[in-house]
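2 protein chains.
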Amino acid sequence: MRKKKGLLIIMDGLGDRPIPEFEGKTPLEAAYTPHMDKLAQNGICGGVYPICAGLPVGTDVGHLHIFGYNSDLVYRGRGPLEALSAGIELADGDVAFRGNFATIDDNNIVVDRRAGRIREGTNELASALNGMQLSNGVKVLVKELTEHRVAVVLRREGLSDAITTTDPGTGEEGEKICHPTGIDNTVEAQDTANALLEFTQKCHEILKNHPLNKQRQENNLYPANIILTRGAGMKTAMPSIYKRDGIRAVCIAGDQTVGGIAHLAGMDYYQEESFTGSFDTNLHGKGLKAIEFINSGKYDWIVIHCKATDLAGHDSQPQRKKEYIEKVDIMIGEILSHIDLHECYVSITADHSTPCCLKDHSGDSVPTLISGGDVLADCVMNYNERSCREGILNNLTANDIYHLQLSYMGFMKKRGS
Amino acid sequence: MRKKKGLLIIMDGLGDRPIPEFEGKTPLEAAYTPHMDKLAQNGICGGVYPICAGLPVGTDVGHLHIFGYNSDLVYRGRGPLEALSAGIELADGDVAFRGNFATIDDNNIVVDRRAGRIREGTNELASALNGMQLSNGVKVLVKELTEHRVAVVLRREGLSDAITTTDPGTGEEGEKICHPTGIDNTVEAQDTANALLEFTQKCHEILKNHPLNKQRQENNLYPANIILTRGAGMKTAMPSIYKRDGIRAVCIAGDQTVGGIAHLAGMDYYQEESFTGSFDTNLHGKGLKAIEFINSGKYDWIVIHCKATDLAGHDSQPQRKKEYIEKVDIMIGEILSHIDLHECYVSITADHSTPCCLKDHSGDSVPTLISGGDVLADCVMNYNERSCREGILNNLTANDIYHLQLSYMGFMKKRGS
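As they're listed, the protein sequences go chains A and B.
With this note's numbering as the guide, the letters of the first sequence map in order to residues 430 to 846.
With this note's numbering as the guide, the letters of the second sequence map in order to residues 430 to 846.
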């Protein structure tokens, strides 16, 4: 079977709902995206569900399904993924958490879930906590991630990930941090919950007195005086994308969580300092790197991840979402002028929708297209939520889209003969 | 529940991709098919996946799913099917292979995978090999099938189908035939691999000196001097279509592999010598036989299989594919003028796509329609890959289409009450 290459552009949290100030258009509908539209005109489109209709997913689960995995079978929570992203080598029995640097007041009320989206100095704060020894013999590993994000690992034999965590939730501020408890009645779970409580208390003591936070307060910035934890989990085994499907894949991303998922899938992960995982990321540089990878022959499947669409959704900033989408379109235009669509299929999708009106992930389908040389185009003329749903991929799932890409590229093994 | 009849026409490997010489149309789009289009206008259509999006299937697996089976549960390889097609009664423990009469040179390099698509004399060649006794007590059964195809069975107690075979692959010529080995470390697998090797060597000695091959060489034809084997398997149990669903079904086909699948499904298999399984098959005769079966009351479900669309795809002959489709359309016209669509639903589908640009099966969807008396028609006006995908059956699977046909015919059992 002939082999071709594939490029996939993922805009995190892209899908949205009607925005009043855009006269009912979504940010993607309102954006000027001639290159995405050209791909739609020469491709096949659909509103695609990450797993199934109506089920919202996280970035982790969404990406696993985009990469052809069934998260139910291979995935046990975000904690281990964040640890991997942070470069922490997990041992069997470690319990890992995803964490946020956050701001609480004297009554343990969460004032800001992201400590004002802190970006500088989190490595110092993490270092001040890393290696902490708790009274029940547990050692704590702490390592900063992108922006306010941080990985936390509890290490000792006889721990359990069947515990509740300290983060009161992903919704509004103003709630009290939670008291961790065991979900089952085992000694291991109680012991782990106690360790997490003790870590959280000591963490607050250390952080609130940290010079960096004193200075933030002087500058009228939220102090990063606590780590909120969630997503407790232990590590699992997962086949690499190469072993499973024979494709050599690379993920170009600034966001370390996505980098961690790529790592988990055995894909290469390419990052530069200018890939910030935010609005100011170097999209031009990502495009150049993708062109280089496509033309080098080193990889079969090249994935570019663009994060800020999701941030704009969470922060309910439709205008910013629209502008960022237009920047991604310019990147796509640059790539298209340097590659041959008869040799490399180009696809666009999202891991989930993050509508500005919800400030959170929704169970809506995500606009998706597959374009290239011999794709029998459907009637869709524009790449956006509304138009794509008229396409022939409508109601398929992220796993389906992965398999269709591989089928075009010539990497799907025939069942039967 | 009232009962109606159903006629299903399967065009093997029908689906295709844009053909440059047809100005980007597929062979089916380029073909003049007024009768298929009429059925589409009065029916419901879709681009249908044999199993799921992007997964290419073989003729065997594709037909099992068209007949309502889940191949994962009932099917263990092509070998036993070919033996059944050839009329070999498999005993428990037999290991069966599908084979090709092929041409190798003195260095065991495959020169032609199909011995110039040999059609005459394969019964003589098979007879010269059938009944061969090998040194480890294995008896070999050999029986010719359509054209270059042949069934091979190794018979002795204590054999295994966990072995690699001698066919270097379905791709290009120029590769050496493979040395069979056990896939697992059992004595049974090693013993079976040794038997297959010995058979292959003896087979080459006998065939290369066979008068029929001497004559082929004098006529500048490729000698059929080896049998390449693949698809090792043992027999499995499978409920008949009648036992499962209560329908009396018949399959009209020239291709013996499809005949074997019909046989496996407990359907009657109707064949005439003029049904060649190739471009020159007697489509008029197939149509007449279908009309007879529909009007006789002997069967509930009548299936006509037409093979040459697949051959044209494998040989990358879009013009021939188009012309053959037009002949099938004429056959459909003849049938329609002799049956009552209020008494017999008519459906058209394919087991998989075989795009001319790939020369192999793809994971694309296949154009599918169900038409007849009380079907609530959708908006599709033409039967082809592009138009059908706009229809209401889009993205369903072959199993879904089977169940819909049975539902219209009145044979689906109600779940609940």
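Check the hints yourself; a few may be wrong.
Where chains are identical, the list cannot tell them apart; a pair therefore holds if satisfied intra-copy or between any two copies.
[To be verified] Below, in silico cross-link-like pairs of lysine to any residue (SDA-like), each with a Cα-Cα straight-line distance of 25 angstroms or less:
| id | residue 1 | residue 2 |
| --- | --- | --- |
| 1 | LYS454 | MET430 |
| 2 | LYS467 | LYS643 |
| 3 | LYS467 | PRO447 |
| 4 | LYS843 | ASP744 |
| 5 | LYS433 | ASN724 |
| 6 | LYS643 | CYS786 |
| 7 | LYS637 | THR615 |
| 8 | LYS454 | LYS467 |
| 9 | LYS467 | SER816 |
| 10 | LYS718 | GLY802 |
Hints are computed from structural coordinates only; laboratory data are not their basis.
Note that this is a predicted model, so its numbers are computed, not measured.
The hints, checked one at a time:
For the homomeric pair LYS454 and MET430, the shortest alpha-carbon distance between copies (22 angstroms) is at most 25 angstroms, but the shortest distance inside one copy (43 angstroms) is not. In this assembly of identical chains, the alpha carbons of LYS467 and LYS643 never lie at most 25 angstroms apart, being 52 angstroms within a copy and 59 angstroms across copies at closest. In this homomeric assembly, LYS467 and PRO447 come within 25 angstroms of each other (Cα to Cα) both inside a single copy, at 23 angstroms, and across copies, at 18 angstroms. In this assembly of identical chains, the alpha carbons of LYS843 and ASP744 lie at most 25 angstroms apart only when taken from different copies (18 angstroms versus 45 angstroms within one copy).
When the C-alpha separation of LYS433 and ASN724 is checked against a cutoff of 25 angstroms, the pair qualifies only within one copy, where the shortest distance is 12 angstroms, while the shortest distance between copies is 50 angstroms. Neither within a single protomer nor between protomers do LYS643 and CYS786 lie at most 25 angstroms apart by alpha-carbon distance, with minima of 35 angstroms and 67 angstroms respectively. Taking the shortest Cα distances, LYS637 and THR615 never come within 25 angstroms of each other, neither inside one copy (33 angstroms) nor across copies (66 angstroms). With identical chains, the CA atoms of LYS454 and LYS467 are at most 25 angstroms apart both within one copy (20 angstroms) and between copies (20 angstroms).
Taking the shortest Cα distances, LYS467 and SER816 sit within 25 angstroms of each other both inside one copy (13 angstroms) and across copies (21 angstroms). Proximity of LYS718 to GLY802 under the C-alpha cut-off of 25 angstroms is restricted to the intra-copy arrangement: shortest distance 22 angstroms within a copy versus 42 angstroms between copies.
Violated hints for the displayed structure, listed by number in ascending order: 2, 6 and 7.
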